[in-house]
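Undergrad: Given next are the chains, with one letter for each unit.
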Amino acid sequence: MAKVWVDPITRIEGHLGVTMETKEVDTGKMKIDVVDKAYSHTNLFRGIEIILRGRDPRDAFFITQRICGVCPAPHGEASIQALDQAFGVTPTPTAVLIRNILQAAYYIYDHLIHTYILVGPEIGIVCKYPPMVPPALGKEGVRKLGLGRSYVECIDIQRKANEIVALWGGKFPHHTSEYPGGVTVKPTRDRINLTLTKITEIWEWCADVALNDLMAIKERNEVLSERVSELLGIEHKGFATIGASWGNFLSYGLFPDPENYDDWVKAQEGEPSFRKSAVIHAGAWQNGELKPLERDKIVEYVKYSRYKDEISGKKPWEVEMTNDVVWKDKPNAYAWSKAPRYENKVHEVGPLARMLVTYGSKWKFEVENPINGRSVKVEWEVMNPKGSVIDRVASRVIQSLLFATKIMEWAVKLKEYANEYPIVNPKIPDYKFVPQEGEGWGLWDAPRGALLHYVRIKNRVIANYACVVPSTWNLGPRDDFGNPGPVEKALEGCWLPKNMSVPEVCNAIWPEKDVLGMKWGDALAKAISPLGLAEVNMEPSDGAKFNTSLALAVVRSFDPCIACGVHTIELKVRR
Amino acid sequence: MRLSRRNFLKLVGAMGASAFLTTYKADIVKALEEVKDYWHICWLNGAACTGCTISFAQSADPDLFQILTEILVGNSGLPIALPDYMETIHVASGTLAEELKERWKNSKRAKILIVEGAVQNEGFCTIHGKDFRDHLKEAAEIADYIIAVGQCATFGGIPGAKPWDGEGNPTGAKGVQEFLYEVGINKTVINIPCCPANPDHIVVTLASLMLGVVPELDEHGRPKVFFGRNMHKELCPYRPYYDRGIFITKPGEEGCRFKMGCKGPICNTDCAIRKWNNGTSYCVETNMCIGCAEPGWPDKFSPFYSEVTELPKVLGFGAEKIGEGLLGATLLGIGIHAVRHLGSKKHKKEEE
Numbered sequence: 001m002a003k004v005w006v007d008p009i010t011r012i013e014g015h016l017g018v019t020m021e022t023k024e025v026d027t028g029k030m031k032i033d034v035v036d037k038a039y040s041h042t043n044l045f046r047g048i049e050i051i052l053r054g055r056d057p058r059d060a061f062f063i064t065q066r067i068c069g070v071c072p073a074p075h076g077e078a079s080i081q082a083l084d085q086a087f088g089v090t091p092t093p094t095a096v097l098i099r100n101i102l103q104a105a106y107y108i109y110d111h112l113i114h115t116y117i118l119v120g121p122e123i124g125i126v127c128k129y130p131p132m133v134p135p136a137l138g139k140e141g142v143r144k145l146g147l148g149r150s151y152v153e154c155i156d157i158q159r160k161a162n163e164i165v166a167l168w169g170g171k172f173p174h175h176t177s178e179y180p181g182g183v184t185v186k187p188t189r190d191r192i193n194l195t196l197t198k199i200t201e202i203w204e205w206c207a208d209v210a211l212n213d214l215m216a217i218k219e220r221n222e223v224l225s226e227r228v229s230e231l232l233g234i235e236h237k238g239f240a241t242i243g244a245s246w247g248n249f250l251s252y253g254l255f256p257d258p259e260n261y262d263d264w265v266k267a268q269e270g271e272p273s274f275r276k277s278a279v280i281h282a283g284a285w286q287n288g289e290l291k292p293l294e295r296d297k298i299v300e301y302v303k304y305s306r307y308k309d310e311i312s313g314k315k316p317w318e319v320e321m322t323n324d325v326v327w328k329d330k331p332n333a334y335a336w337s338k339a340p341r342y343e344n345k346v347h348e349v350g351p352l353a354r355m356l357v358t359y360g361s362k363w364k365f366e367v368e369n370p371i372n373g374r375s376v377k378v379e380w381e382v383m384n385p386k387g388s389v390i391d392r393v394a395s396r397v398i399q400s401l402l403f404a405t406k407i408m409e410w411a412v413k414l415k416e417y418a419n420e421y422p423i424v425n426p427k428i429p430d431y432k433f434v435p436q437e438g439e440g441w442g443l444w445d446a447p448r449g450a451l452l453h454y455v456r457i458k459n460r461v462i463a464n465y466a467c468v469v470p471s472t473w474n475l476g477p478r479d480d481f482g483n484p485g486p487v488e489k490a491l492e493g494c495w496l497p498k499n500m501s502v503p504e505v506c507n508a509i510w511p512e513k514d515v516l517g518m519k520w521g522d523a524l525a526k527a528i529s530p531l532g533l534a535e536v537n538m539e540p541s542d543g544a545k546f547n548t549s550l551a552l553a554v555v556r557s558f559d560p561c562i563a564c565g566v567h568t569i570e571l572k573v574r575r
Numbered sequence: 576m577r578l579s580r581r582n583f584l585k586l587v588g589a590m591g592a593s594a595f596l597t598t599y600k601a602d603i604v605k606a607l608e609e610v611k612d613y614w615h616i617c618w619l620n621g622a623a624c625t626g627c628t629i630s631f632a633q634s635a636d637p638d639l640f641q642i643l644t645e646i647l648v649g650n651s652g653l654p655i656a657l658p659d660y661m662e663t664i665h666v667a668s669g670t671l672a673e674e675l676k677e678r679w680k681n682s683k684r685a686k687i688l689i690v691e692g693a694v695q696n697e698g699f700c701t702i703h704g705k706d707f708r709d710h711l712k713e714a715a716e717i718a719d720y721i722i723a724v725g726q727c728a729t730f731g732g733i734p735g736a737k738p739w740d741g742e743g744n745p746t747g748a749k750g751v752q753e754f755l756y757e758v759g760i761n762k763t764v765i766n767i768p769c770c771p772a773n774p775d776h777i778v779v780t781l782a783s784l785m786l787g788v789v790p791e792l793d794e795h796g797r798p799k800v801f802f803g804r805n806m807h808k809e810l811c812p813y814r815p816y817y818d819r820g821i822f823i824t825k826p827g828e829e830g831c832r833f834k835m836g837c838k839g840p841i842c843n844t845d846c847a848i849r850k851w852n853n854g855t856s857y858c859v860e861t862n863m864c865i866g867c868a869e870p871g872w873p874d875k876f877s878p879f880y881s882e883v884t885e886l887p888k889v890l891g892f893g894a895e896k897i898g899e900g901l902l903g904a905t906l907l908g909i910g911i912h913a914v915r916h917l918g919s920k921k922h923k924k925e926e927e
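If you read the protein sequences in the order shown, they are chains H and C.
Using our numbering, the letters of the first sequence map in sequence onto residues 1 to 575.
Using our numbering, the letters of the second sequence map in sequence onto residues 576 to 927.
To be clear, the hints were calculated from the coordinates, so they are not data collected in a lab.
Any given hint could be a false lead.
20 Å max Cα-Cα, derived SDA-like pairs, lysine to any residue [stated by the list, open to error]:
hint, chain 1, residue 1, chain 2, residue 2
1, H, K3, C, K686
2, C, K825, H, K291
3, C, K686, C, P790
4, C, K850, H, D156
5, H, K186, C, K686
6, H, K498, C, L671
7, C, K825, H, I428
8, C, K799, C, V788
9, H, K427, C, K762
10, H, K362, H, N372
11, H, K291, H, E230
12, H, K3, C, H703
13, C, K676, H, K498
14, C, K676, H, I428
15, C, K762, C, E716
16, H, K458, C, L671
17, H, K186, C, T824
18, H, K432, C, K825
19, H, K526, C, H665
20, C, K825, H, E230
21, C, K737, H, D56
22, H, K128, H, E230
23, H, K37, H, V378
24, C, K825, H, R460
To list a few chain H residues with every Cβ distance to chain C over 12 Å, as calculated [to be verified]:
hint, residue
25, I98
26, K128
27, D156
28, R220
29, L232
30, G373
Where is the CB? At the ideal position from N, CA and C, for every residue including glycine.
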């Protein structure tokens with residue numbers, strides 16, 4: 001057994017490392033090294049919830065966005081929905097549309113930048129699909145192979161998506177315009193029209209480029225599957241095999257219907273709810289069985305986290321987050337991230353969870369561009385019921401297109417609503433008003449998954465604040481029952497090619513000499529060696545070097561966001 | 576005209592990154608051709624939310640890709656600036672990433688260290704098993720230029736804020752300059768605050784350093800060209816409302832944001848003219864300024880929805896840097912304008 005340690009894991013948000021214990025498996029054809037057990041280490045603690053104590057509740061909207069600069073908008077949204085409830089108001093229909101437009105544009109940026117800049121490079125390289133391979137790997141390739149074509153265009157498109165966020169939010173990252181009961185930004189004709197102009201280009205790109213890239217990757221993955229199966233002597237479905245977690249998925253839902261906000265708030269009040277009137281539904285998908293979301297089934301465990309055991313198994317809002325609950329030298333604890341559980345089971349959260357809860361395991365629908373009437377067919381059958389790298393990527397691409405379509409519909413509708421409803425609920429008398437007491441739950445789905453903000457107001461200030469964020473769900477440690485978290489589970493069984501570099505693996509899978517007269521791996525080696533990257537993803541352990549490319553693709557497929565793990569604190573990895 | 580420290584303010588003014596690079600591209604490329612090497616950047620993340628990296632990726636003209644691939648050093652194929660180390664976008668992870676950081680330290684051309692995120696007490700942030708404090712100290716010792724981007728790296732930001740229930744800051748977070756002085760490194764840090772840093776500010780600063788020009792800094796280490804003007808007094812498009820005493824007090828109204836809590840009067844930044852996301856908008860257009868360009872943020876600017884004159888913590892602070900004068904002038908200004916406004920109303924009534 002070797003211990004393979006990767007830290008820092010780049011192309012994610014924040015400071016993350018993983019330790020993987022390997023085991024040797026004899027396939028009958030060859031001996032391969034796979035991950036036996038994995039441990040996820042989150043390496044930063046800032047204590048934002050503690051910092052919020054005693055402040056004006058409305059400051060939470062601004063401060064919690066700074067939990068994460070990659071996903072600030074959803075933190076703002078979860079926070080403002082918790083404040084809505086605590087202030088005893090609901091947003092006006094105009095405000096719901098504005099919030100939806102701002103947030104949806106933000107999701108497009110986030111999903112695309114992840115697909116192309118963060119997780120994409122390994123997928124592009126292993127699948128031999130040049131448009132998703134970073135162009136830094138060679139000028140000739142850029143010209144002749146279209147190397148990095150989509151990668152480069154994505155930088156432009158994500159920026160334009162964020163221009164829509166800035167139109168409605170002042171700037172991105174960290175927008176300013178949401179307020180309890182509504183928004184502070186006005187739905188001017190100018191903003192609506194500019195939104196439509198920008199989203200039109202983005203929609204076309206999602207339909208013509210991103211969706212095609214996804215289908216191309218799916219096709220390449222079929223060839224990859226055959227060849228890897230042949231090579232290793234086992235049945236392997238490439239990116240559809242790696243990355244399976246527990247088969248339990250949780251979604252809180254996204255984008256409420258402005259005409260049916262009553263349906264949306266039920267979940268906040270603790271009632272079982274599917275939030276079926278929303279674009280993305282809420283619920284728990286447990287190995288094929290769909291159940292409604294119930295707020296009070298959320299608990300956090302800390303046996304392996306550096307907190308006092310007395311808070312273990314409690315609902316997050318039952319714990320006062322102060323310095324007192326921290327236990328820095330706790331024996332046997334190997335993480336500072338807590339382990340959130342739903343019905344005491346491990347649940348994966350994120351784009352795939354949203355799709356499963358909303359559409360089941362077969363997604364087949366048409367999206368129609370309301371501006372030009374063009375329609376695009378979307379069809380995907382989930383390839384691995386317990387989740388996989390490719391299913392998560394597919395979920396992001398498809399949601400980008402879906403949300404782009406919705407933005408157009410909402411923008412058109414907003415033209416009618418703008419004159420009909422105010423931007424803030426009239427129950428808010430002025431900017432001085434803060435309730436004496438109040439309590440609220442914001443249940444939203446960040447790009448990375450289920451996000452909960454809880455606020456309790458006493459004497460017009462924050463008495464307690466709690467956030468349960470997606471990256472604690474996905475990257476948290478084992479719970480009190482010893483069950484590994486989703487990423488830890490998803491790494492189990494992943495192949496770590498021993499002493500085979502990235503170019504060597506590529507040559508083995510793609511032996512044809514059809515890339516500028518070379519094998520794919522040789523062409524890559526020629527491009528990356530001058531940049532000092534010949535040994536990319538190779539980690540030394542036990543006198544050998546392990547290729548961690550597939551393992552990194554698994555970790556990245558969850559789109560880790562470590563800054564979000566606000567409870568988390570440094571863990572020194574002992575090798 | 577050649578760029579020099581002396582004329583930096585005058586020449587750059589409100590020039591955007593694109594105009595700056597167009598004007599000086601030939602000079603930059605020439606400066607680099609002589610040494611046949613690019614500028615080596617090491618971008619470290621401490622107690623950060625990565626918002627500044629994402630903000631940098633929103634750079635529009637030139638965009639991130641153009642900066643890294645199109646503006647080349649002669650025919651070397653190498654870009655003018657390349658992050659040898661940058662966690663959020665780098666190809667390499669783990670051991671190789673750390674090796675590349677070592678390589679950065681040994682590069683012969685100028686080494687720029689960019690820091691995002693605050694510096695905390697030991698044990699709260701670790702990369703590759705080593706405390707962030709040690710990573711930063713080692714890199715700062717050999718860096719030719721150090722740029723702190725964003726409110727956290729400049730002044731400690733939100734990680735450095737205190738809970739308002741009397742407890743202390745959970746991790747002892749502070750800005751880079753303060754940390755360097757503490758560990759005995761006497762180097763000047765170029766501070767580019769705002770939360771996040773504006774990509775234009777980063778690009779223009781980088782480009783001017785390549786020309787050998789260190790921007791003139793104010794007493795907080797901020798380039799004066801970006802942070803030398805008071806937003807409310809000198810740049811705000813809503814200022815006429817203020818002068819006429821028209822204030823927003825309820826959602827949905829139109830007017831000056833002062834009374835709802837806008838921090839423009841105590842914030843020095845060019846946001847109002849430079850704007851964000853390819854010149855799309857800025858905070859005051861959709862709500863109000865919360866003061867993120869200033870030291871002491873957020874605590875001294877909080878509660879955000881509180882009028883500057885009513886801030887519990889700004890008054891004690893105001894005497895030194897923000898300036899009693901300004902605050903006094905603001906109060907006086909309101910007084911005079913309010914009276915004038917009343918006066919004109921009265922006058923109108925009389926006319927009727």
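Undergrad: Now tell me if each hint is right for this structure.
TA: Tested hints:
1. H:K3 x C:K686: violated, 35 Å
2. C:K825 x H:K291: violated, 42 Å
3. C:K686 x C:P790: holds, 17 Å
4. C:K850 x H:D156: OK: K850 of chain C and D156 of chain H at ~18 Å, within 20 Å.
5. H:K186 x C:K686: Outside the cut-off at roughly 46 Å; violated.
6. H:K498 x C:L671: Distance of about 17 Å is within 20 Å: holds.
7. C:K825 x H:I428: holds, 8 Å
8. C:K799 x C:V788: This hinted pair holds, its Cα atoms lying about 13 Å apart.
9. H:K427 x C:K762: Judged against 20 Å, a Cα distance of about 54 Å means the pair is violated.
10. H:K362 x H:N372: violated, 27 Å
11. H:K291 x H:E230: violated, 40 Å
12. H:K3 x C:H703: Holds: K3 of chain H and H703 of chain C sit about 15 Å apart, inside 20 Å.
13. C:K676 x H:K498: violated, 25 Å
14. C:K676 x H:I428: violated, 53 Å
15. C:K762 x C:E716: Given pair K762 of chain C, E716 of chain C holds - Cα atoms ~9 Å apart, limit 20 Å.
16. H:K458 x C:L671: The hint is violated at about 51 Å.
17. H:K186 x C:T824: The given pair, whose Cα atoms are some 15 Å apart, holds under the 20 Å limit.
18. H:K432 x C:K825: holds, 9 Å
19. H:K526 x C:H665: holds, 19 Å
20. C:K825 x H:E230: Given pair K825 of chain C, E230 of chain H is violated - Cα atoms ~69 Å apart, limit 20 Å.
21. C:K737 x H:D56: holds, 13 Å
22. H:K128 x H:E230: OK: K128 of chain H and E230 of chain H at ~18 Å, within 20 Å.
23. H:K37 x H:V378: violated, 37 Å
24. C:K825 x H:R460: holds, 19 Å
25. I98: About 10 Å separates I98 of chain H from the closest Cβ of chain C, which leaves it inside 12 Å; violated.
26. K128: Consistent with the label, K128 of chain H stays out of reach of chain C, its closest Cβ about 17 Å off (over 12 Å).
27. D156: violated, 7 Å
28. R220: holds, 20 Å
29. L232: It holds; L232 of chain H is separated from chain C by about 24 Å at its closest Cβ, greater than 12 Å.
30. G373: holds, 28 Å
In terms of the numbered hints stated before, the structure departs from hints 1, 2, 5, 9, 10, 11, 13, 14, 16, 20, 23, 25 and 27, listed from lowest to highest.
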